[in-house]
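Trainee: Read off the chains here:
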Amino acid sequence: MEPISMHSGIAAPFPMSDVNTDLIYPQQFLRKPDRGAMAPFLFHGLRYRSDGTLNPDFILNKEPYDEATILIAGRNFGSGSSREHAPWALKSFGIRCLISSMFADIFKANCINNGIVPATVSEGLLTACLHAAANPQESRFTVDLERRELRNRLVGTVPFEISDSDRDRLLKGNDFIDDTLAQLPAIENHEKVSAEAAPWLNLGASVE
Amino acid sequence: MAKTLYEKIWDAHVVKPLSDDRAMLFVDRHLVHEGVATYAFSGLRAHGRKVHRPDLTIGVADHVVPTTPRINGVAYEDEDARKMVEDIEAYCREAGIDVYSVGNRRQGIVHVIGPELGFVLPGALLVCGDSHTSTHGAFGALAFGIGISEVEHVLATQTIVQRKSRSMRVNVKGELPPGATAKDLILSILHTIGVSGGTGHVIEYQGEAVRALTMEQRMTLCNMSIEGGARAGMVAPDEKTIAYLEGRKYAPKGEMWDRAVEHWRSLKSDPDAIFDRDVEIAGSDVMPFVTWGTNPGQSAPIGGRVPDPSSLDDEGERASIQSALDYMGLQPGQALADIRIDHVFIGSCTNGRIEDLRAAAAVVRGRKVAEGTSAWIVPGSGAVKEQAEQEGLDRIFIEAGFDWREPGCSMCLAMNGERLNPGERCASTSNRNFEGRQGRGARTHLMSPAMAAAAAVAGHLTDVRELT
Ligand code: SF4
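Just so you know, the protein sequences line up as chains A and B, in that order.
Heads up, the first sequence is in the working numbering, so the first residue is 1 and it goes up one at a time.
Heads up, the second sequence is in the working numbering, so the first residue is 1 and it goes up one at a time.
Certain hints may be false.
Claimed, not checked - With a Cα cut of at most 30 Å, we get these calculated DSS-like pairs of lysine-lysine:
hint	chain 1	residue 1	chain 2	residue 2
1	A	K192	B	K50
2	B	K164	A	K192
3	B	K249	B	K50
4	A	K192	B	K83
5	B	K253	A	K192
6	B	K249	A	K192
7	A	K172	B	K50
Stated by the list, open to error - Simulated restraints, written as ranges between beta carbons of each label pair:
hint	chain 1	residue 1	chain 2	residue 2	range
8	B	L18	A	G115	12 to 22 Å
9	A	D168	B	R277	21 to 31 Å
10	B	R277	A	P159	24 to 34 Å
11	B	D276	A	D179	24 to 34 Å
Hints in this document: simulated from the structure, not taken from any laboratory.
Keep in mind the model is a prediction, meaning the values are calculated, not measured.
Beta carbons: idealized from backbone N, C-alpha and C, even for Gly.
Take these sequences, add in the hints, and give me the full structure.
Mentor: So, in structure tokens, the structure goes:
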């Protein structure tokens, strides 16, 4: 996973709240094997009309937002299904940062695991960011992960929230499986202790 | 210090405490389905990593398997679907993981067969790359959905790194009135807390009405916790839990069973444990609910009407209801019982178990599916299907004009290609009425099995209690 510390780019305003991952990445494309090539299916039901042509009214189909690398989304973004295809598709479209007032739990974890910054702001700031980005001339944002700040000409320099551990992970971009495997002795120790305390949990699928 | 059930299970699984209120937690039970297996196992292989504890994982094919007859081979939607099923079989075999795929008579939906096999146990920490993993919390386990990168992490390390959630108690007082089901209860809870009301929380369901639920009904309740955004939902184990598990394939046996039961009997939140949030629901207020919108919180009692967005002050709410009505093709103020349907889907990990089929059959018996309506029964597992056939439920459904199908997720998600056409309207016992969920442009109304069966017979949404 490549590290990310500071990112500047066009931010697309997408104010709809409670956007679920079915909407971000519809089910008919869940069988696609290549996680790096999912951009065409991102927001498919919104980006394309039922006859297959581009919907010119959808924000990511309009200039300059068709080149957006930041998405400013309404409250409770990424709810519903755990499908990691949602962040894969966002990333493959080019999105590196998300700004919202609330992210769904599983989706947020999936973003961190794919090097996408979920920046949480207050409702008031979200409205201000959406408003600024709606003007194509003012839609450039900088996300400074190191300082936990957003910068934009209209909004100014404002704080966003992200936990220390999530921030660290994104800054370093290290492989979390390697990190955990470095703790193998602790895992094996737990296995031993728990096999004594609750041996039935240690049985798993090995009993017939 | 007094602890909640969630905190007790959390504490027992900490391999290593981490900064930021996080911990590396040991995973006792891992379910893998074919929708995630290809990605996760190929990632594992690319790094030359091994499955750390194959004995704590089982594999299941459910999401892409067709539910048409399989006697002459399985008619996959496409080669990608076939490959996903072949992959999970091959990867599991290679790693030494038990797999329940097409051809196995116990194959079925991951959250139906996990409990059926006794794979989930009280006090266990269980994960699966699927958000409805919350289902297994019905057994007093801590069970939650994870992403695919995390599935790979669990396979390689048998651990998961989590931040501690806040705790929420949903106390359902009194009794549910006749005709109100666990599905109606969870729909009314979601109506109360909203689709993000549980975000960042683990819910524990308590109260007489919850104690009165059967294990299958508790699964229905916990299943849809995620629709409120909750990380997990759980019910403390009791004698019903123990009776359900006894003798199941992976449940402990003999002396170990006795030890386990003794432990489970004491596994509950301390009486003075403090929850971060408390919600109270009067059981007597629960009645048959249906959704009218495009998220599971947008619902009303069947006797109600489609809301009128123009009557709302909040601009955001007005817009969101208007867009839901546009998608659903509904008029403000329309009576819910007037909504005509094209299709009925009875199945899914929410309501595809034997008690659900019995409830539907009780309504359907001696009646016919309405003209112009098509109706499907998709049993949640091979075991559910067999049991239903032994009880003759299949005959009741078939005689009424239902399609009696093979087990799988089917039209809950339409990932196997079984989907509705644009504009078609479905009375569904599944868990999500999202735009496009049952097919692009398809319209979903969520409800209980009895209500869906009543809709099939009437050809429109209707109050099952009034069916004459
Ligand atoms: S039945 Fe539906 S919700 Fe349940 S696991 Fe299958 S697709 Fe997911």
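Trainee: It remains to establish, for every hint, whether it holds in the given structure.
Mentor: A quick look at each hint next to the structure:
no.: 1; hint: A:K192 x B:K50; in the structure: 20 Å, holds
no.: 2; hint: B:K164 x A:K192; in the structure: 24 Å, holds
no.: 3; hint: B:K249 x B:K50; in the structure: 26 Å, holds
no.: 4; hint: A:K192 x B:K83; in the structure: 38 Å, violated
no.: 5; hint: B:K253 x A:K192; in the structure: 21 Å, holds
no.: 6; hint: B:K249 x A:K192; in the structure: 24 Å, holds
no.: 7; hint: A:K172 x B:K50; in the structure: 25 Å, holds
no.: 8; hint: B:L18 x A:G115: 12 to 22 Å; in the structure: 20 Å, holds
no.: 9; hint: A:D168 x B:R277: 21 to 31 Å; in the structure: 29 Å, holds
no.: 10; hint: B:R277 x A:P159: 24 to 34 Å; in the structure: 26 Å, holds
no.: 11; hint: B:D276 x A:D179: 24 to 34 Å; in the structure: 29 Å, holds
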